[in-house]
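Top line first, the protein sequences correspond to chains W and E.
First residue of the first sequence: 573, per this note's numbering; consecutive thereafter.
First residue of the second sequence: 281, per this note's numbering; consecutive thereafter.
Hint data in this document are derived by calculation from the structure and do not stem from the laboratory.
Quick caveat, the model's predicted, so the values are computed rather than measured.
Take these hints with a grain of salt, some might be off.
Calculated pairs, DSSO-like style, for lysine-lysine (alpha carbon to alpha carbon, straight line, at most 30 Å) [as the list claims (entries may be wrong)]:
(1) K447(E) <-> K761(W)
(2) K761(W) <-> K581(E)
(3) K341(E) <-> K761(W)
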Amino acid sequence: MGALKRLRPSTPFLLLLPAIVVLAAVVVVPLLLSFYSSFTPFRLTQPASLFNFVGFRNYGRILTDVEFWTAFGRTVLLLTVALNAEMLLGLGLAMLVEKATAGQRLLRTIMMFPMMFSPILVGFQFKFMFNDNIGLINNALQSLGLTDQAIPWLIDGTLAFWAIVVAEVWSSTSIFAILILAGLLAMPKEPIEAARVDGCTPWQTFRYVTWPFVMPFAYIAMTIRSLDVARAYDIVKIMTDGGPAKRTELLWTLISRTAYADARMGLANAMAYFAIFLSILFTVYFFRKLAAARTQIGAEW
Amino acid sequence: MATVSLQKLVKRYGALEIVHGIDLEVADREFIALVGPSGCGKSTTLRMIAGLEPISGGNLKIGGRIVNDLPPRARNISMVFQSYALYPHMTVRENMGFSLKIAGMKSEEIAPRVEEAARTLDLTHLLDRRPSQLSGGQRQRVAMGRAIVRNPDVFLFDEPLSNLDAKLRTQLRTEIKKLHAKVQSTVIYVTHDQVEAMTLADRIVIMRDGHIEQVGTPEEVFQRPASKFVAGFIGSPPMNLKDAEIADGRVVFVNGDSLPLPRRFADRVTAGRKVTFGLRPDDLYPAGHGIHSGQEADVHKADLRVSITEPLGNETLVFSEHGGAEWVGRMLNPRRLRAGETLPFCFDLSQAHLFDRETGRTLRG
Numbered sequence: 573m574g575a576l577k578r579l580r581p582s583t584p585f586l587l588l589l590p591a592i593v594v595l596a597a598v599v600v601v602p603l604l605l606s607f608y609s610s611f612t613p614f615r616l617t618q619p620a621s622l623f624n625f626v627g628f629r630n631y632g633r634i635l636t637d638v639e640f641w642t643a644f645g646r647t648v649l650l651l652t653v654a655l656n657a658e659m660l661l662g663l664g665l666a667m668l669v670e671k672a673t674a675g676q677r678l679l680r681t682i683m684m685f686p687m688m689f690s691p692i693l694v695g696f697q698f699k700f701m702f703n704d705n706i707g708l709i710n711n712a713l714q715s716l717g718l719t720d721q722a723i724p725w726l727i728d729g730t731l732a733f734w735a736i737v738v739a740e741v742w743s744s745t746s747i748f749a750i751l752i753l754a755g756l757l758a759m760p761k762e763p764i765e766a767a768r769v770d771g772c773t774p775w776q777t778f779r780y781v782t783w784p785f786v787m788p789f790a791y792i793a794m795t796i797r798s799l800d801v802a803r804a805y806d807i808v809k810i811m812t813d814g815g816p817a818k819r820t821e822l823l824w825t826l827i828s829r830t831a832y833a834d835a836r837m838g839l840a841n842a843m844a845y846f847a848i849f850l851s852i853l854f855t856v857y858f859f860r861k862l863a864a865a866r867t868q869i870g871a872e873w
Numbered sequence: 281m282a283t284v285s286l287q288k289l290v291k292r293y294g295a296l297e298i299v300h301g302i303d304l305e306v307a308d309r310e311f312i313a314l315v316g317p318s319g320c321g322k323s324t325t326l327r328m329i330a331g332l333e334p335i336s337g338g339n340l341k342i343g344g345r346i347v348n349d350l351p352p353r354a355r356n357i358s359m360v361f362q363s364y365a366l367y368p369h370m371t372v373r374e375n376m377g378f379s380l381k382i383a384g385m386k387s388e389e390i391a392p393r394v395e396e397a398a399r400t401l402d403l404t405h406l407l408d409r410r411p412s413q414l415s416g417g418q419r420q421r422v423a424m425g426r427a428i429v430r431n432p433d434v435f436l437f438d439e440p441l442s443n444l445d446a447k448l449r450t451q452l453r454t455e456i457k458k459l460h461a462k463v464q465s466t467v468i469y470v471t472h473d474q475v476e477a478m479t480l481a482d483r484i485v486i487m488r489d490g491h492i493e494q495v496g497t498p499e500e501v502f503q504r505p506a507s508k509f510v511a512g513f514i515g516s517p518p519m520n521l522k523d524a525e526i527a528d529g530r531v532v533f534v535n536g537d538s539l540p541l542p543r544r545f546a547d548r549v550t551a552g553r554k555v556t557f558g559l560r561p562d563d564l565y566p567a568g569h570g571i572h573s574g575q576e577a578d579v580h581k582a583d584l585r586v587s588i589t590e591p592l593g594n595e596t597l598v599f600s601e602h603g604g605a606e607w608v609g610r611m612l613n614p615r616r617l618r619a620g621e622t623l624p625f626c627f628d629l630s631q632a633h634l635f636d637r638e639t640g641r642t643l644r645g
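Please put together the full structure from these sequences, using the hints given.
Take a look at the structure:
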């Protein structure tokens, strides 16, 4: 009797069991499987290759793979450029909207329009706008007499990267704007007035009072967006598909190409774990910053 | 150190005029309290002096110089806010030294001034804390410290004690008074609490609906209120104010009850004049439980029925009926009273006030 009782799982465990089973089925098992497959030369076309364990060979190959590290570096570059641009623009927008005395709700709604479009459609739209022959941008530049030749926006590697940055920034600046605006609206007005009386110029008021208060909100946006950009795929896929000549290849376009076009799922999985590592790194970094900024302003949330 | 002078100062929001051309001269080193009910324009006036609200009309001079269009930072003022308005991300030390840092002062010059101010306000042990780690009273002391380190020409206080509990308020009130005695600069202090105004100020400015009702020392506004409004606002509990009519040497209340016309007003009002009769609780007391300040002849005696009492220990507030209205009196050396008890009361008419019922202005010369 006593032995049987000891074998019987505890009630809390039994009650949690359904959740554990579901989680295992949809998260843990696929995760372990993909992790395991990153140690095999698994190809989707050759299922048997899944059972050929090769140890760290995939990872070893990635470490010396110039193409991978170029894509990795380019992703970090895109992240840095896009996030900084979005933050500055978002901050500017938020401060302008906060100043609006009438129609602020309408402006807030309009500000969020870019977020309402699927990134795929944003990609298509910018692909059209940056088209060297029929694109809106070349058309406008030529009509204004700023240039008389067709600028090969999506054909030149460097220009194509910046075209992607523009599309990213256009579609996601509003995340920063909305979050920073929330911060500005939540901010008590008296410290700003105190700063004015204390002798601050408008710039000093911003620098020493407004910005420290709004910073945590900017870090929240940073965290969200760094995850977003680290997995950037859709806009790039549509606008350049990593081209020309892999000059705009990002981590995930490379991974998907490796997995599906080249059918090397094992290698692609190994790359994916590197990519996830990058995301985690950024998230941890911004969360640390956020926590520090929150303590600093004595935030109660 | 500076004088402040308000000349026909007006504040308008669009078509709505909030402050209607007020005039006020504040002397150097004077402690002025702006007092009035909420919405009377006192805070708006203070914010115009601070430069936080644009001035719509008239002139504002600080130290003889017109400052209407100068930003706050060019006026050399400091302000203490009701909500403390400390910088949440700075320590107490940084908060207090902030204005000096902005002014471009070196940190070795800032430190002694901050420490000096901290000593004055007993904040030395809190210098490295952040505002969120302080109590309300400590925060307000930091705000005061931030104001004094700058050595400004004028201190502005905007209801600084309103967010504090009663005990702390009394304590900080004393500290503000000591502080003023020590730093000797011009202070303009806004409050809705007449006790604060009375205890702190050299002169009190009573405001109502964007106008100044009266300017005077605490004694003047208490003893010689210029209007019914001032009479009702200053003093606690407030003055008994009852509508009446003058008839035949008597003040006749609405239900026909009457009191003798105070002698002081005998040749100032004629029969039929509609007035408001005012008497402070101190001047209405059960016989033997109060002091009259004039001659015996000015004391009118009447039997009143006690409706309710509020014992305060050293005195008891006695509510009773007369002339169809409720009056409050003050009983010194109190004994226990029963509700419904009828007592002989003294009306010290030498201290009575008469106001014109229409204009509300005093009928005293």
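Quiz item: Of the hints stated earlier, which fail here?
Solution: Failing hint: just 2.
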